[in-house]
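Novice: Line order of the protein sequences matches chains Y and Z.
Under numbering that gives the first Met the number 0, the first sequence is numbered contiguously, ending at residue 152.
Under numbering that gives the first Met the number 0, the second sequence is numbered contiguously, ending at residue 417.
Treat each hint with caution, since some may be false.
Stretch by stretch, here's where chain Y covers chain Z in the computed footprint (C-beta under 8 Å, at least three residues) [stated by the list, open to error]: (1) 160-174; (2) 198-204; (3) 318-325; (4) 329-343; (5) 405-416.
By construction, these hints were calculated from the structure, which means they are not laboratory data.
Even glycine gets a Cβ: it sits at the ideal position worked out from N, Cα and C.
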Amino acid sequence: MRLRWPMTRRRFLFTTGTGTVVAGVLGFFGATARFLFPNVLYEPPSRFPAGQPGDFPAGEPSFLADRRLFVFNSAEGFYAISSVCTHLGCNVRFVPGEGFACPCHGSRFDLNGQVVNGPAPRPLAWFGLSLSPRGELVVDEQLTVDPDYRFKV
Amino acid sequence: MPYTAQVRLWLGNVSRSVFRVGWPRTDKDRAAAMISSVFLHVHSAKVQRHSLRASYTLGLGLISFYLFGVLILTGIALMLYYTPSPPAAYRSMKDLQFVVTFGMVLRNMHRWAAHAMVAVVFLHMCRVFFTGAYKSPRQFNWVIGVGLLLLTLFLSFTGYLLPWDQLSFWAITVGSNMASYAPWLGDNLKYLLLGGNVIGPGALLRFYVLHCVILPAIALGLVAVHFFRVRKDGLSAPAPSEPAPVEEVRPGRFPASARSYGLMALTDRPALPVVEADPEDDVMSWPHLLYRELLVLLAVLVVLHVVSLLFDAPLEELADPTRTPNPAKAPWYFLGLQELVHYSAFIGGVLVPTIVVLLLLLTPYLDPLPRGVGVWFAPERRRANWIFGVLASVAILLTAIGTYFRGPNWAWVWPWTG
Numbered sequence: 000m001r002l003r004w005p006m007t008r009r010r011f012l013f014t015t016g017t018g019t020v021v022a023g024v025l026g027f028f029g030a031t032a033r034f035l036f037p038n039v040l041y042e043p044p045s046r047f048p049a050g051q052p053g054d055f056p057a058g059e060p061s062f063l064a065d066r067r068l069f070v071f072n073s074a075e076g077f078y079a080i081s082s083v084c085t086h087l088g089c090n091v092r093f094v095p096g097e098g099f100a101c102p103c104h105g106s107r108f109d110l111n112g113q114v115v116n117g118p119a120p121r122p123l124a125w126f127g128l129s130l131s132p133r134g135e136l137v138v139d140e141q142l143t144v145d146p147d148y149r150f151k152v
Numbered sequence: 000m001p002y003t004a005q006v007r008l009w010l011g012n013v014s015r016s017v018f019r020v021g022w023p024r025t026d027k028d029r030a031a032a033m034i035s036s037v038f039l040h041v042h043s044a045k046v047q048r049h050s051l052r053a054s055y056t057l058g059l060g061l062i063s064f065y066l067f068g069v070l071i072l073t074g075i076a077l078m079l080y081y082t083p084s085p086p087a088a089y090r091s092m093k094d095l096q097f098v099v100t101f102g103m104v105l106r107n108m109h110r111w112a113a114h115a116m117v118a119v120v121f122l123h124m125c126r127v128f129f130t131g132a133y134k135s136p137r138q139f140n141w142v143i144g145v146g147l148l149l150l151t152l153f154l155s156f157t158g159y160l161l162p163w164d165q166l167s168f169w170a171i172t173v174g175s176n177m178a179s180y181a182p183w184l185g186d187n188l189k190y191l192l193l194g195g196n197v198i199g200p201g202a203l204l205r206f207y208v209l210h211c212v213i214l215p216a217i218a219l220g221l222v223a224v225h226f227f228r229v230r231k232d233g234l235s236a237p238a239p240s241e242p243a244p245v246e247e248v249r250p251g252r253f254p255a256s257a258r259s260y261g262l263m264a265l266t267d268r269p270a271l272p273v274v275e276a277d278p279e280d281d282v283m284s285w286p287h288l289l290y291r292e293l294l295v296l297l298a299v300l301v302v303l304h305v306v307s308l309l310f311d312a313p314l315e316e317l318a319d320p321t322r323t324p325n326p327a328k329a330p331w332y333f334l335g336l337q338e339l340v341h342y343s344a345f346i347g348g349v350l351v352p353t354i355v356v357l358l359l360l361l362t363p364y365l366d367p368l369p370r371g372v373g374v375w376f377a378p379e380r381r382r383a384n385w386i387f388g389v390l391a392s393v394a395i396l397l398t399a400i401g402t403y404f405r406g407p408n409w410a411w412v413w414p415w416t417g
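Build out the structure end to end from the sequences listed, making use of the hints.
Specialist: What follows is the structure, given as structure tokens:
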């Protein structure tokens with residue numbers, strides 16, 4: 000629709016009326032799109048107890064399959080590395096002495112989870128740890144930390 | 000009047016109230032039969048001999064439509080036994096395979112028809128390109144067709160998750176993570192698609208609703224527009240070498256313009272000006288077109304049944320989010336993209352698909368000259384055909400590499416060694 004000048008009253012009312020209806024309908028659908036994004040997720044909590052520190056053998060990684068992460072018990076302290084490949088979400092495998100390997104597209108990570116080669120765009124995520132009042136090691140997946148992070152118990 | 004004659008008259012009245020024309024014996028009745036039925040009037044009363052030639056269309060659009068019909072029917076049947084919630088979804092697949100009468104065959108038909116539809120729709124697009132059939136006045140119908148191709152892929156992709164086995168779970172994990180590489184809205188797109196951050200009950204329900212309601216409804220709408228446009232424009236044909244002669248009107252015969260103006264032609268009005276090609280090149284749709292359509296339907300059904308009786312749809316163990324199979328592959332029609340994703344997730348997951356879709360949508364507007372329409376590999380269109388042919392071959396090659404030449408850790412393997 001082209002605006003013509005000078006505008007008649009009829010034309011002005013038609014333009015503003017149509018514009019308001021169109022804007023209202025579009026706004027209504029735009030706002031309703033928010034419905035499609037759930038506000039409550041029934042997914043496992045991102046902060047959870049992983050077990051007693053004594054459950055994790057020193058020197059080798061423990062793979063928590065249902066949480067998709069590795070917990071390491073090193074001499075300097077505990078740390079947790081995600082097993083979710085940053086490329087397309089497959090589970091990486093731990094290769095002793097080398098690091099991690101992804102079965103889907105061949106991404107390789109070193110022992111710190113840094114990308115060595117392959118299509119993965121980012122290093123594996125490191126998660127912050129804490130101790131629960133019961134003395135359990137708690138992993139917080141919302142809290143990502145640097146690879147020099149160690150948690151002393 | 001004898002009693003039997005009365006009964007026959009009465010039955011005749013009932014039959015005429017349903018089928019207004021009866022079994023047609025003249026050309027006029029054949030045209031009227033096409034026009035008076037809601038199902039048949041998707042056809043014109045007459046068709047050009049050229050568009051009936053199997054070597055011209057290869058029947059690919061028709062086969063796509065039949066496969067879509069088979070998918071709707073078998074899909075509705077499968078819905079009766081399917082529960083869209085893990086792990087019951089997997090149990091329903093087991094029931095369909097081992098308990099439900101003909102469950103396995105119906106599931107096989109659904110699976111193979113879906114795979115076939117992806118392939119046939121792609122081939123249909125190639126046919127339309129190589130015959131220049133997307134040119135004026137059919138540009139927008141090509142665009143609708145590209146939409147239908149994307150819908151076919153998305154329909155197949157959403158159906159892939161429903162069995163909730165290892166194959167489906169990891170294929171969708173890889174596929175939905177590809178969506179998250181889209182700049183700015185990637186993560187939101189994935190969240191919207193999955194209804195959360197992980198592939199769980201919410202994602203399965205969303206895929207189910209998309210697969211069974213939303214996408215088929217959109218596809219049916221687009222198919223209607225696609226067919227309507229074909230009906231109005233006719234199938235593509237070479238331009239007439241000389242101006243069409245004005246047709247004389249003879250009683251009981253139809254002007255060639257009946258393709259678009261069949262109803263008006265039924266009245267006793269003066270003849271309409273003829274704008275189509277040589278009218279002698281036209282034949283009645285009943286029986287020439289209908290007969291061929293039924294023959295193709297029969298062939299599709301026979302092939303589908305044989306394949307479904309011989310080969311079972313795969314079903315692996317229950318989906319296990321903690322154990323990634325090696326290699327984890329997307330559905331085969333996305334393996335070309337996965338092969339690219341193997342080099343760079345952004346290029347394979349976002350850049351290349353976006354460019355390809357944009358190029359496809361713009362094809363009729365980038366190549367607007369109305370030359371070489373209605374002929375396979377017209378010499379006037381050699382350059383366009385080469386470009387499209389090379390791109391289509393690259394797509395097929397990448398898909399073949401991803402399907403047959405990639406093994407554990409996505410390393411190169413020879414198909415005959417594994």
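Novice: Are there hints from earlier that the structure breaks, and if so, what are their numbers?
Specialist: none
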